[in-house]
Amino acid sequence: MVRTAFHCGLIKLIIPGPNFEELQLIDDKLLQSLKDFRKFVIKSPNTFMILRFNSTIPFWDENNVLIRGYHHIQIRTTQQVEIDQPIEGQSHCVSPILLEDWRALSIQRVITGLKFFNGESKIKVNHSSKFILMTSKTSTNISTEGIKSICKFEGTFYNKINSPPSYNGHLCPALRSSLGKNHRCEFCKKTEGTDKEKEKEKSIDDLVDAEIAGLESNNSPADSAYQSD
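Under my numbering, the first residue of the sequence shown carries the number 149, and numbering increases by one thereafter.
I should point out that these hints are in silico values taken from the structure, not numbers from a laboratory.
Each hint should be verified, as a subset may be incorrect.
[To be verified] Taking lysine to aspartate or glutamate pairs in the EDC-like style, the calculated list, with each CA pair at most 16 Å apart, reads: (1) K272 / E293; (2) K263 / D209; (3) K278 / E169; (4) K263 / D249; (5) K272 / D184; (6) K177 / D209; (7) K160 / E170; (8) K285 / E302; (9) K278 / D184; (10) K270 / E293; (11) K285 / D184; (12) K183 / E169; (13) K278 / E302.
[Unchecked claim] Computed spacing ranges between beta-carbons, pair by pair: (14) V189 / P244: 40 to 50 Å; (15) R200 / N266: 32 to 42 Å; (16) L158 / N212: 16 to 26 Å; (17) T288 / L253: 13 to 23 Å; (18) M149 / K338: 19 to 29 Å; (19) C336 / I190: 17 to 27 Å; (20) S291 / D249: 46 to 56 Å; (21) P244 / I190: 28 to 38 Å; (22) F279 / D249: 30 to 40 Å; (23) S192 / L247: 35 to 45 Å.
C-beta atoms are modelled at their ideal positions from N, C-alpha and C, and glycine is treated no differently.
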């Protein structure tokens, strides 16, 4: 169940058990990185490891190929853990449009989070693969290799060759709202000309409307006089 929830991008937090039972079926290299962290970083038996997940929602492209979710996992440590009682939820039917919005927001959230990292960030990249990036806080600046790993991981979000138009159509506006000019993918370039044409057409329509409004305004006194006669 944990493995399925992970790949669907539904996990937000995990407090691993002594043997990492919850993560056994997710990724072997990820599991080994977590074991190394517990072995070499956590010195006290009273210190708990917390994994915070920031994940995207998977989808199928136009060729019906599954595009897996992307996951940024942050390792945290704490001396005290409070676990709330689970709340029983209800299943709801989600519309395709709402699901697309959720997917775009999930990707925006991951990428925006990565934008906070820079050459002076006190973090370490503990694990990096095509779909998973795991980081932890440290006392030294991030290494050059760490920066390269983050950039490579971030780059996998862009330019999905076979992505349906709705994917980029929802994603790009969301990214531009948070990243501004820092986001400009192939979809943006492709639609840039279309957007300019629409703006041009809108400007022409506005001018025509203004001209008509001006003519109507000039004719209204005469019309009033004619009607009064």
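For this structure, which hints from the list above don't hold up?
2, 3, 4, 6, 8, 9, 15, 17, 18, 19, 20, 21 and 22
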